[in-house]
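*Asks:* Here's the letter readout for the chains.
Number of protein chains: 2
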Amino acid sequence: MTDIQAPDQTTGFTVGTRLENGLGRTGTIHTPHGEIQTPAFIAVGTKATVKAVLPETVAELGAQAVLANAYHLFLQPGSDIVDEAGGLGAFMNWPGPTFTDSGGFQVLSLGAGFKKVLAMNSSTVRADDVIAEGKTRLAHVDEDGVTFKSHLDGSRHRFTPEVSMQIQHQLGADIIFAFDECTTLMNTREYQERSVERTQRWAVRCVDEHTRLTAERTHRPYQMLFGVVQGAQYEDLRRQAARDLAALGFDGFGIGGALEKDVLGTIVRWVNEELPEDKPRHLLGIGEPDDIFTAVENGVDTFDCVSPSRVARNGAIYSENGRFNVASATNRRDFGPLTQDCACYTCTHYSKAYLHHLLKAKEMLASTLATIHNEHFIVNLVDRVRASIVDGTFAEFREDFLGRYYPHR
Amino acid sequence: MTDIQAPDQTTGFTVGTRLENGLGRTGTIHTPHGEIQTPAFIAVGTKATVKAVLPETVAELGAQAVLANAYHLFLQPGSDIVDEAGGLGAFMNWPGPTFTDSGGFQVLSLGAGFKKVLAMNSSTVRADDVIAEGKTRLAHVDEDGVTFKSHLDGSRHRFTPEVSMQIQHQLGADIIFAFDECTTLMNTREYQERSVERTQRWAVRCVDEHTRLTAERTHRPYQMLFGVVQGAQYEDLRRQAARDLAALGFDGFGIGGALEKDVLGTIVRWVNEELPEDKPRHLLGIGEPDDIFTAVENGVDTFDCVSPSRVARNGAIYSENGRFNVASATNRRDFGPLTQDCACYTCTHYSKAYLHHLLKAKEMLASTLATIHNEHFIVNLVDRVRASIVDGTFAEFREDFLGRYYPHR
Chain A
1 MTDIQAPDQT
11 TGFTVGTRLE
21 NGLGRTGTIH
31 TPHGEIQTPA
41 FIAVGTKATV
51 KAVLPETVAE
61 LGAQAVLANA
71 YHLFLQPGSD
81 IVDEAGGLGA
91 FMNWPGPTFT
101 DSGGFQVLSL
111 GAGFKKVLAM
121 NSSTVRADDV
131 IAEGKTRLAH
141 VDEDGVTFKS
151 HLDGSRHRFT
161 PEVSMQIQHQ
171 LGADIIFAFD
181 ECTTLMNTRE
191 YQERSVERTQ
201 RWAVRCVDEH
211 TRLTAERTHR
221 PYQMLFGVVQ
231 GAQYEDLRRQ
241 AARDLAALGF
251 DGFGIGGALE
261 KDVLGTIVRW
271 VNEELPEDKP
281 RHLLGIGEPD
291 DIFTAVENGV
301 DTFDCVSPSR
311 VARNGAIYSE
321 NGRFNVASAT
331 NRRDFGPLTQ
341 DCACYTCTHY
351 SKAYLHHLLK
361 AKEMLASTLA
371 TIHNEHFIVN
381 LVDRVRASIV
391 DGTFAEFRED
401 FLGRYYPHR
Chain B
1 MTDIQAPDQT
11 TGFTVGTRLE
21 NGLGRTGTIH
31 TPHGEIQTPA
41 FIAVGTKATV
51 KAVLPETVAE
61 LGAQAVLANA
71 YHLFLQPGSD
81 IVDEAGGLGA
91 FMNWPGPTFT
101 DSGGFQVLSL
111 GAGFKKVLAM
121 NSSTVRADDV
131 IAEGKTRLAH
141 VDEDGVTFKS
151 HLDGSRHRFT
161 PEVSMQIQHQ
171 LGADIIFAFD
181 ECTTLMNTRE
191 YQERSVERTQ
201 RWAVRCVDEH
211 TRLTAERTHR
221 PYQMLFGVVQ
231 GAQYEDLRRQ
241 AARDLAALGF
251 DGFGIGGALE
261 KDVLGTIVRW
271 VNEELPEDKP
281 RHLLGIGEPD
291 DIFTAVENGV
301 DTFDCVSPSR
311 VARNGAIYSE
321 NGRFNVASAT
331 NRRDFGPLTQ
341 DCACYTCTHY
351 SKAYLHHLLK
361 AKEMLASTLA
371 TIHNEHFIVN
381 LVDRVRASIV
391 DGTFAEFRED
401 FLGRYYPHR
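Chains as they are written, first to last, in the working numbering: chain A, 1 to 409; chain B, 1 to 409.
These are calculated hints, taken from the structure and not from any lab test. Note that the structure is predicted; figures quoted are calculated from it, not measured. Each hint should be verified, as a subset may be incorrect.
It does not matter which identical chain is used: a pair holds within one copy or between any two.
Unchecked claim - Capping the alpha-carbon separation at 27 Å, the derived lysine-lysine pairs in BS3-like fashion look like this:
#1 K362 - K51
#2 K51 - K360
#3 K149 - K51
#4 K149 - K261
#5 K261 - K360
I would like the entire structure built from these sequences, with the hints used as guidance.
*Replies:* Here's what the structure looks like:
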């Protein structure tokens, strides 16, 4: 096992301003495709497209980077095709920084059957069989990796740490993640312990394979490898996992696993108290406004979340006063913008009445315009959080914003 | 009944270059929202959006004007709402020229039941009951207008010439169409005669109502009213209809009704030999490349057709060598553009392999990118037709283009 040696000096992380209270900070992630000013919200483009929006529009709404998914792109179109296209950014016409998630979460959660199991009473499910359905195991975790069935066609596949690294090197994103086992809050303490240990062994294998591939694929810019901290709701497991991964010299870290909203800050704090300060930290799959403040305060630099675009496609619109649905009848003849004082393309060119019409008429442009607004809202919120850290007004901004966004709390 | 008096001198039509052989010509339609250089392909935005594409992109791909539909917008969101929004262009953020179709075709073809009747053997259908289904008439034509059921919710509505004018004045497009009865090739000669006479009486009523509304609604720019020439496949009916409508002083003319491909040119010629040369002529719902050449040669100035965007959403791509489907497996790892030497945004930024992926992944961006290409292709083809008339190379261009587009004819 060797420590990661980044051959390209353009990659790395520099810390900017620190919060007086808490672990929060601003910073800059340097990638071969540009810088990311942190804290930053990373737009999700699971299948190499931010759904319903052209990449130029993604840039225009303020997103600095896009995160795609190794599992989805492995199945369709195939990571070899993305590689031949020149990598994720070239394939999807996104010249800026890119991330890929390792597929660890998806092979378990999207492998056919997982959702049904999640809905079962946990007492009826043995810990090691958490990913089984009836007599047919649809995803099976062993020491070496995970065997799973495609949610698209039921075909069988196997991901190991090495396979995940090979896929992510083919995809060619600037920031890639180690292959980890995703557990749920249903698993026993005993299972979580064994899982964290296994994720650590997989991390070692990821670093080795990444180092090998980096030496081999010199025609491509260096990809930063982030280790993923698991450990569920257990402080000792989370801290130990963070320390063990830190020792492997990763370029940065992801914080993964099932995180209940009311302990999000606490768990993130445990992890970030252990992680090296000079490496960026990404919180996987989190993006509601209150969660963003909590995560930033506790030392998270970047986030991704499908929520802003997913709810947009159903007409749910983020505003400074919380979410509302533009498809509701009250907006039928409201000729004002979605939200007052919003600088996004949608708010500066269209009315609520038009969005309401497009939704009722089931027109695709409804998804496009609502996604632009919501992604802009969240990206811009994190931009304002960043500015408030620099200004020393983080606490006031949080109180002011959350008081308006969640007025009934 | 009074002749139409356009109070706004910015509207009208000027003829440019004429074809040496045939009725074709270039020209300019002057509207309050800009000029349309003709021949021109008008992009279809039925429900106040060109499906899947932002209006800025519609302009960028070269479209000069957009055509929406009075029937669809009357049902959803309601023409009163579009009026309150400032009219169609303001509502949908399209600053250029706009058209609305009268709804005459749609009340009959989309009124629930029509498609089933169309599929029936014509010998079993009495001419006057052509729009009936079983015992329940779903759309009923009488001397005064058409009663129909919404295809959305089955609610009953009634369009008359006056109602269509009122709706189209609320929608506020620059060019609007008289309310006509749409017949099919199934109808008897006797029915076609009576129908053409009725459409003529409706045209008179449209002109009267348009004149009244124009005098009343002085806060809005003048809307040009086009009469619609029907008459099916009968030369005498088509010529008579054209002459009769011409006598009413319309600002321009639409050519409507069922037109079989092999007699398209002949029928259009009959009509345009009768219509005044100094008024623009729009061919409703036609847009395949060979039809475009035929129509232009016989004196048509503008067209609209849903085909380029509709087939795009299924992956069918227009090219100089005919249509192909980018979803076919041969394009899976083709990293070239959809078509060589195409200047559209899609071809200059994306590969066939990426479009293939988006289609397989059922991503909305597939529709967006394929629509951009196809609309650009058709708009650009008509632009080249226009240039060939000016250059005196129309016949050569037609032969060259159609020889490549339909190589097996």
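*Asks:* None of the hints should be skipped; say for each whether it holds.
*Replies:* Each hint tested on the structure:
1. K362 - K51: both (16 Å within a copy, 10 Å between copies)
2. K51 - K360: Classified as both: same-chain Cα gap 19 Å, cross-chain 14 Å, threshold 27 Å.
3. K149 - K51: within (25 Å within a copy, 35 Å between copies)
4. K149 - K261: Neither way: K149 and K261 sit 30 Å apart in one copy and 50 Å across, limit 27 Å.
5. K261 - K360: Result: close neither inside a copy nor across copies, 33 Å intra and 36 Å inter.
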